[in-house]
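*Asks:* Listed here are the chains, written in short residue letters.
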Amino acid sequence: MRLGLVIDLDTCVGCHACATACKQWNTSSITAPLTDYDPYGKEPSGVWFNRIRHYEIGDYPNNKTVNFPMSCMHCENAECVTVCPTGASYKRPEDGIVLVDQDKCMGCNYCSWACPYGARELDRESGTMKKCTLCVDRIYDETLPVEDRQPACVLACPAHARLFGDLDDPESVTSRAVRERGGYGLMPELNYNPTNHYLPPRIRPAIPTSDLPRGSLARKVKEWVNRVIER
Amino acid sequence: MNPSLAVIFLTLFSGAGFGLMAMVALVNDFAIDGGLSPLRTTILVALALLLVTIGMMSSTAHLANPKNAWRAFTRWRTSWLAREGVFAVLFYPVAMAYLGWVFFTNTDRNDGALVLGSAAALIGLVTIFCQGMIYACLRTIRQWHTPLVPANFYALGLALGMTILAASQMVVHGPDLILASTACALLVAAGVMKAIYYFWIGAPSGTTLQTATGFTRGPVRLLDQGHTFGTFLTHEFSNCISPARARNFKIAVYGLGFVAPTAILLAAAHMTLGLGVLLAPVLAFIGIGLERYLFFVEAQHVVNLYHGRMPGSLPHMHPALRGGTVRPAVAGKPRLVPSYEKH
Amino acid sequence: MPATQHDQEHGPSEVKYSTCYMCACRCGIKVTIENNKVRFIQGNRNHPINKGVLCAKGSAGIMKQCSPARLRNPLLRKPGTERGAGEFIEISWDQALDMLTERLARIRATDPNKFAFFTGRDQMQALTRLFAEQFGTLNWSAHGGFCSVNMAAAGLYTMGYAFWEFGDPDWDRTKYFMLWGVAEDHNSNPMKIGIEKLKSHGGKFVGINPARTGYQAVADEWVPIRPGTDAILALSMVHVLLSRELFDWEFLIRYTNAPFLVVQSPGEKGDGLIYRDEAGQPLVWDLKKEALVNGLDASCHPALFGEHKTADGRTVKTVMTLLAERYLDRRFAPENAAKICGVPAATIERLALEMAHVAFKETIEIAVEWTDWAGRKHDKFIGRPVSMHAMRGVSAHSNGFQAARAIHFLQILLGTIDCPGGFRAKAPYPRPVPSPGKPARHSAPNTPLDAHPLGFPTAPEDLVIDDEGRPLRIDKAYSWEAPIANHGLMHMVITNAVKGDPYPIDTLLFFMANMAWNSSMNTANIQDMLRAKGADGEYKIPFLVVVDAFHSETVHFADLVLPDTTYLERYDAISLLDRPISEPDAVCDAIRHPLLALDRNVRPWQEVMIEIGARLKLPVFTNEDGTPKYKSYKDFITYYEREPGIGFLAGFRGADGSKSLRGEPNPKQWERYIENQGFFQYHLPKDIRYLRFANKGYLEFAKEAGFLKTAEPIVIELYSEAIQRFRLAGLGLYDGPTPKERVDQERLATYFDPLPDYYEPLEQQRVDKEEYPFFAVNQRPMMMYHSWDSQNAWLRQIIAQNHLYMNRARGESLGFQDEDWVWVESHNGKIRVQLRLIEGCQEDTVWTWNAIGKQSGTWGLKQGGPEATEGFLMNHLISELLPEKPGERRLTNSDPITGQAAWYDLRVKVTRAAPGEEGVWPTFANVAPLPGALPTPDILRYNTRTKAS
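For the protein sequence lines, the chains are A, B and C, in the order given. For the first sequence, the residue numbers in my numbering are 1 to 231. For the second sequence, the residue numbers in my numbering are 1 to 343. For the third sequence, the residue numbers in my numbering are 1 to 949.
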């Protein structure tokens, strides 16, 4: 099993709902809290597991704005785990989720250097590295209703631009989306083999207009051609 | 990358220490220039241990949660950082045994000294390799992901170690052409290696924001990075240096790190400079320290692309991001209790 | 250890359902609470609005709840200190209410209009309005006048519902969606859910907006347009449709006034009015009978086009003929429209044709038997799956009413009104066109008003003016300056009150409105006005009461501060009498109830209002023996009936809770709502879900539910006779009130066009376009839209500074570089801001995020935060008055029809700041913390876990 997310760049409106949903769930979750620094001061900052960047593709007027959420990709070749000296970072064999054991982490930042996706953030207060857990404490929690056993970001996403599923199962919603929409992983040249995939914006066929009448109403107004229609 | 002093000192001082240990063993094993006296060996090995210790101590300052530092050896099967830790720790008993052996037997020419000295040197050299591989194994940082990194670490560590050794010898004994020229040769070699590295990192990289986002059909520009101020990522990764400033730094690296020590050592090989010869290792430390600063600050983590940083470009970003001004944590800093916790 | 099971490190928790209030979207929320702290807020999957999803604001509710800006006690401006000095003392609720009641009682006994009560973005306008009505003051409105009244008015005067909250695209079926002037909206989550649905069905999404942000990011086609020119774009598309006969004949004949005959007698009284029979019925030319007949008679066969002579020799033409004559003019040809709006002619034509293709070639049908207004049975609904939505980008211009009407024209010609796949109404809409109910005009001591303070004028007689033509309301709503100001002109209240024009007032009360900052134009001057004193040394606004939950800039200027609760701490009714949350297929309302115990000395404003109402002995709130009628807000909502069986909440009525929509009060109604996860929905039967304006089943249902007074069909008005009556008044051709001043006559004659037209926004008519080459607009980012009342610790990490955005190529051609500090100057003032060059910006436009800028020290922020030093308001550049013209009184910078604040009519010039000139300008003095305020934390480690790392 290879659990992960598929992000639909065709519908992501860039609202940051996934980021704050993640923040609120995880600030009280297994790596709680997600510390905020200077929250009401000059340079507010904090620990987030999911950040959304916004890009412009192409030049005006043929430009497109693309919103780009990024969180842990739960890579197949998770170098962050390979490089971790303490064993705090690990990848679960049963579902591929990459986690950081807060009791083992020494806060050396090395795993974050190994991550090309910026998925790991150090909590300076606890001195430990924190990252997306794929809401592992939701997705298996049998006290939650079945439909709520999803990552907080997926539950929240108003544009349904986030899909959660088993990328190893060809029939999962995620695998199907990747197959049908040409989903891709980021920076394949690094060979991390990220589990999370991105669906590119759809290209929509042109709407035909040649089948429409070419009549001239200017003429008709003068001729007062009316149709008999009962009110 | 963030040029954290802790990591600069770690690699600089421990590299010099391991280099010194290696050169002591080499000189003694092969009785180069007649070898060192037991006393001098003792002093130099102690110095090597001190340098390694300074490096190791400063590395723990880099840890946000040092109470778990003891766990750093557990993943030696996969992690170069763990391996570095293992070998660095292994270095101590062997180097100290060598030190003790030489001190108590008052000779550095017997079999025991040979074995222990060579073993300590070898472990030190392996540790330098591990140190280099900590950086070289990262595919995320193009400037580091090269065999040139461990090669450079070797060249610089050995050059520093030999410079210390030669200078210390000449402070006491006056001109020593063999040791001085060995040190000079190592310094020149290190300088050449570093030049190769600098040329290599100047070559363009294939990964761009376009390939990183998958939008390769047109220009891709950052509209908004999704946070106004710095984050851990910008603090850790967004340091950079302008090409002009980097050039000035490199002049200093070569002037202080290679040219001046070589000149001093060559002069000392021909005339008595007294304590003045110690300027050679001091300047070498400063120069190679600057080199280490550049090593970090020129390294561009691939995640910077997502923040709109093209390779080699200086960011137009919020001033707070340019220097990565997220303040470092201060342990035990008094805090106001958040309002919600009062109820 | 990997958590594969329930995270054990938590205390007991409970799950409660309520309604979000981080913005006006009003999503259902499911809140997990641990130890009186919020563990998690998620969308309620069963809720009709958000169906389980939640936006960034909703998830950041936790940070609102622990904001250090929360007010904690009633505050009184410290005696002897100046207003705006920020010195307060804490007082008790009894002291505060004694003081306020005594003052209000005195005002009510003399001249109730001296009490002006204006409310911000609240969602309890039905109650605040009731309070004002009972008090007897005309001077009440909510914030719609500076928000989007153009959008509401245009819809209500055209088809009985509107964009805003009164309609929605049929997301399940629409195949073409055109979005006008919207980056983010009230309908925040439904819009996102809908756009995803549209796209997954293969539909096309076209975004018309000067900036490619917000929803435009995912638009399949972005149409950059010059601000304020939407009307010409829409009408040019109308031109294309008409010129190729691409309109829905049946729809126009059956459901609109397109076949009605209009008198054509220029220069005479009665010109431009609908030609009617003696009974007042509109006449049409019957093609079968070849005679003039009652156009409302179901059996007639009206001619859509034609010109006839009346018995008295006047010419009459059908509305459709007038419409065709107007819009087929070359003026509206795409190549001419392109010169104004900046959209290429080929694009205009293609977009019009694409919509026509989808409407007429991809028609859908829903097989359901239904009965039309005349009792005729039909076996299906025909759907033309083109839908639209528009909001502030269109409406916040002084030509916005007509622009919004023009957009509705496109929809109506295509027959996409309330049909499957089209733009559908939401209960209690549609209402008759125009809506019934005229604004109250008379105020008397100790007497409630005889009507709502706001209403829908259809003729000059309905204006709220005295016999001399002078405004009777402090905001001059319903005067000649803004005759159909359906939502008031809140943005004019401070200016008018300080000038004493039309009269001075005594007490001004603002609820949830930041009028000393981002909700006012001309912010710095407004702050000065709030401090202004007369020759007698008294403040020109003698007493300013501010009701809010947070320390806003406006609180700083208050004489009396009444602290409110947060949305997680009180009862609220999201009522059908107010701003409804219905869906096209269901009548809905909702509640909030206290999820968290109060931890400070604050009270919900609705509770306080009901108490003040009883103290003042306002009839609705008082028993005949003078005792309070209601124990609490909760009690009031349960038992108050507007008419028999109709109360604030429509669900679970009747003594046993079994009745929906209408029924006697149910003492357990709140409990039933809470059991039902905080909302009520009544699913409409399938046969009354479409074409409701002419759907007999629906009209009868709506009458029973109290939405409509009669079950008469609602006729869509392409041609607005009401508007024409005002025009006739302006032309001096009206039997009734007519304006005396030339400027009013001209404005009525020019802008009150019964068919929408494009005119240049008023302010732009008066500024030099060479000198001020850029249009300047602003918008709210999604994660802060409408999230007005806290500077949220999480959301401000996402954005705490705004820039001025300019088109990159244009900026570079002018020598600008990214990050330059620039001066932005309008006719009204200048600001210094930082520039960003981007692709997603129309070439002649600059824009910024609104309301990021804050006054230092407010909102619980520390001194000198980025919102104060790097964030800025564009408001300083915008005047609430039009540029002065010699010999003319100062006029409001608003739509001349509705009084909608013309925020986006602004034109500016941009010049590079001198070297060394950095940082935003102007800046404002730091505001000191309020007495009793808790310190702001340096580190925040919010969590509800028993074990944290």
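Hint data in this document are derived by calculation from the structure and do not stem from the laboratory. Here the structure is a predicted model, which means the values were calculated and not measured. Be aware that one or more of the hints could be misleading.
[Stated by the list, open to error] In silico DSS-like pairs for lysine-lysine, Cα to Cα no more than 30 Å straight-line:
(1) K42(A) - K862(C)
(2) K289(C) - K438(C)
(3) K42(A) - K830(C)
(4) K37(C) - K438(C)
(5) K317(C) - K269(C)
(6) K78(C) - K629(C)
(7) K703(C) - K438(C)
(8) K78(C) - K533(C)
(9) K317(C) - K42(A)
(10) K696(C) - K37(C)
(11) K91(A) - K631(C)
(12) K499(C) - K533(C)
(13) K438(C) - K288(C)
(14) K67(B) - K629(C)
(15) K91(A) - K250(B)
(16) K947(C) - K104(A)
(17) K438(C) - K668(C)
(18) K104(A) - K67(B)
(19) K617(C) - K668(C)
(20) K16(C) - K540(C)
*Asks:* Is the hinted pair K16(C) and K540(C) satisfied, with a Cα-Cα distance of at most 30 Å?
*Replies:* violated, 47 Å
*Asks:* With a cut-off of 30 Å on the C-alpha distance, tell me whether K78(C) and K629(C) pass.
*Replies:* violated, 35 Å
*Asks:* With a cut-off of 30 Å on the C-alpha distance, tell me whether K91(A) and K250(B) pass.
*Replies:* violated, 41 Å
*Asks:* Please verify whether K37(C) and K438(C) have alpha carbons no more than 30 Å apart.
*Replies:* Not OK: K37(C) and K438(C) at ~47 Å, beyond 30 Å, violated.
*Asks:* Is the straight-line distance between the alpha-carbon of K42(A) and that of K862(C) 30 Å or less?
*Replies:* holds, 7 Å
*Asks:* Next pair to validate is K104(A) with K67(B); report whether the Cα-Cα distance is within 30 Å.
*Replies:* holds, 9 Å
*Asks:* Next pair to validate is K317(C) with K42(A); report whether the Cα-Cα distance is within 30 Å.
*Replies:* With a Cα-Cα distance of about 66 Å, the restraint between K317(C) and K42(A) is violated, given a limit of 30 Å.
*Asks:* Below or equal to 30 Å on CA atoms is what counts here, so check K617(C) against K668(C).
*Replies:* holds, 27 Å
*Asks:* Does K269(C) sit within 30 Å of K317(C), going by the straight-line distance between their CA atoms?
*Replies:* holds, 17 Å
*Asks:* For K91(A) and K631(C), compute the direct alpha-carbon distance and say whether it is at most 30 Å.
*Replies:* violated, 59 Å
*Asks:* Keeping to a limit of 30 Å between CA atoms, is the pair of K42(A) and K830(C) held or broken?
*Replies:* With a Cα-Cα distance of about 25 Å, the restraint between K42(A) and K830(C) holds, given a limit of 30 Å.
*Asks:* Tell me if the straight-line CA distance from K947(C) to K104(A) falls inside 30 Å.
*Replies:* At roughly 16 Å apart (the allowed maximum being 30 Å), K104(A) and K947(C) satisfy the hint.
Hint compliance for this structure: hints 2, 4, 6, 9, 10, 11, 13, 14, 15, 17 and 20 are not met, and every other hint is.
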